[in-house]
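In my numbering, the protein residues as written are 33 to 228.
Simulated from the structure, these hints should not be mistaken for lab results. Heads up, a few of these hints could be off.
Unchecked claim - Listed next, with one range per pair, are the computed distances between beta-carbon atoms:
1. Asp123 x Gln178: 50 to 58 Å
2. Glu148 x Ala56: 36 to 44 Å
3. Glu222 x Arg121: 40 to 48 Å
4. Asn150 x Pro90: 44 to 52 Å
5. Glu221 x Pro90: 35 to 43 Å
6. Lys63 x Ala185: 49 to 57 Å
7. Phe55 x Asp95: 32 to 40 Å
8. Ala96 x Ala56: 30 to 38 Å
9. Ala44 x Thr112: 49 to 57 Å
10. Pro206 x Lys100: 50 to 58 Å
11. Lys160 x Leu75: 24 to 32 Å
12. Ala209 x Gln184: 24 to 32 Å
13. Ala56 x Gln178: 43 to 51 Å
Stated by the list, open to error - With a cut-off of at most 20 Å between alpha-carbon atoms, the simulated EDC-like pairs for lysine to aspartate or glutamate come out as follows:
14. Lys116 x Asp71
15. Lys52 x Asp161
16. Lys136 x Asp194
17. Lys136 x Glu53
18. Lys110 x Glu94
19. Lys52 x Asp139
20. Lys116 x Asp67
We put the beta carbon where it would ideally sit given N, CA and C, even for glycine.
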Amino acid sequence: MSVYKRYFRVTAGPLVNRIKEIFAERDAAAKQWDDLCRDVGALSAHAGRSFAGLKFSPPGPEDAKSWKQSGALWLPKKSTTTGKALQQRIDALIVPTQLQEALKVVDLHTGPALIENNRWYGSTLCGKDSAGVWFVSVPWRDEDPQTLEQYQANRDAGTHMDGCLDHLLWIPPPEFAEVKRWQFEKEYEEIMGKAA
Numbered sequence: 033m034s035v036y037k038r039y040f041r042v043t044a045g046p047l048v049n050r051i052k053e054i055f056a057e058r059d060a061a062a063k064q065w066d067d068l069c070r071d072v073g074a075l076s077a078h079a080g081r082s083f084a085g086l087k088f089s090p091p092g093p094e095d096a097k098s099w100k101q102s103g104a105l106w107l108p109k110k111s112t113t114t115g116k117a118l119q120q121r122i123d124a125l126i127v128p129t130q131l132q133e134a135l136k137v138v139d140l141h142t143g144p145a146l147i148e149n150n151r152w153y154g155s156t157l158c159g160k161d162s163a164g165v166w167f168v169s170v171p172w173r174d175e176d177p178q179t180l181e182q183y184q185a186n187r188d189a190g191t192h193m194d195g196c197l198d199h200l201l202w203i204p205p206p207e208f209a210e211v212k213r214w215q216f217e218k219e220y221e222e223i224m225g226k227a228a
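Work the whole structure out from these sequences, hints included.
As structure tokens, this is what we get:
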């Protein structure tokens with residue numbers, strides 16, 4: 033039983049709502065980082081899941097005593113009063129949720145769901161918000177229905193846990209329209225072509 037992918041087209045429902053919330057978080061975070069950069073005279077902030085540093089025009093920040101250089105970026109020196117206050121401000125900024133985290137609202141893991149021959153397979157999310165279409169790719173393998181039924185009984189009794197079998201018990205929400213791989217690839221290319 034080898035792993036293959038199931039593809040779903042999604043245009044509405046809890047997943048799309050969560051994606052919109054994440055984009056709103058990202059917009060709010062970007063505004064906060066822009067405000068910070070403007071206040072300290074930086075060109076840009078390098079932050080994703082965590083803060084990496086600020087980029088300044090050469091030769092660097094005006095108040096260089098409150099900063100330390102790390103490669104091409106600058107970080108606040110926590111040993112100075114100004115640097116410590118700036119670091120506290122940075123720590124309070126929004127860290128936006130990663131888009132893949134939206135999959136949790138439809139009971140899909142963001143990490144590995146199936147493992148086969150030392151390979152890990154996880155669900156993925158792609159699409160374009162402006163097109164209003166999202167695609168979810170879910171790793172799958174065919175399993176004997178009796179095996180799944182027996183596993184579910186054992187799991188409910190608390191005698192057996194298996195993440196791979198748990199994943200195979202997942203039921204797509206009604207707003208998930210299953211499509212063939214070629215349909216996914218064709219529409220995704222069209223959407224991304226329009227976005228370019």
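Now the hints, each set against the structure:
1. The hinted window of 50 to 58 Å between Asp123 and Gln178 holds, with their beta carbons roughly 53 Å apart.
2. As the Cβ distance of Glu148 to Ala56 is approximately 38 Å, the hint placing it in 36 to 44 Å holds.
3. In this structure the hint that Glu222 and Arg121 lie 40 to 48 Å apart at CB holds, the actual value being about 44 Å.
4. Between Asn150 and Pro90 the beta carbons are some 47 Å apart, a value that agrees with the proposed interval 44 to 52 Å.
5. Between Glu221 and Pro90 the beta carbon distance is about 42 Å. The supplied range of 35 to 43 Å therefore holds.
6. Look at Lys63 against Ala185: about 51 Å separates their beta carbons, and that is inside 49 to 57 Å.
7. One distance hint, 32 to 40 Å for the beta-carbon pair Phe55 and Asp95, holds here, with the actual separation near 35 Å.
8. Remark: the range hint 30 to 38 Å for Ala96 to Ala56 is upheld by a beta-carbon distance near 36 Å.
9. Checked against the hint of 49 to 57 Å, the C-beta distance between Ala44 and Thr112 comes to roughly 51 Å, which is consistent with it.
10. Roughly 54 Å separates the CB atoms of Pro206 and Lys100, a value that falls within the hinted 50 to 58 Å.
11. Judged by the Cβ atoms, the range 24 to 32 Å given for Lys160 and Leu75 holds: they are separated by roughly 29 Å.
12. At roughly 26 Å, the beta-carbon separation of Ala209 and Gln184 lies within the given 24 to 32 Å, and the hint holds.
13. Roughly 45 Å separates the CB atoms of Ala56 and Gln178, a value that falls within the hinted 43 to 51 Å.
14. For the hint linking Lys116 to Asp71, the alpha-carbon distance of about 16 Å falls within 20 Å, and the restraint holds.
15. For the hint pairing Lys52 with Asp161, the CA-to-CA distance comes to about 8 Å; that is within 20 Å, so the pair holds.
16. This hinted pair checks out: Lys136 and Asp194 have alpha carbons roughly 18 Å apart, not beyond 20 Å.
17. With a CA separation close to 13 Å, the supplied pair Lys136 and Glu53 stays within the 20 Å bound.
18. For the proposed pair Lys110 and Glu94, the alpha carbon gap of about 17 Å is at most 20 Å, so the pair holds.
19. At most 20 Å may separate the alpha-carbon atoms for a hinted pair to count; Lys52 and Asp139 meet this at roughly 18 Å.
20. At most 20 Å may separate the alpha-carbon atoms for a hinted pair to count; Lys116 and Asp67 meet this at roughly 18 Å.
Going through the hint list in order, the structure satisfies each hint without exception.
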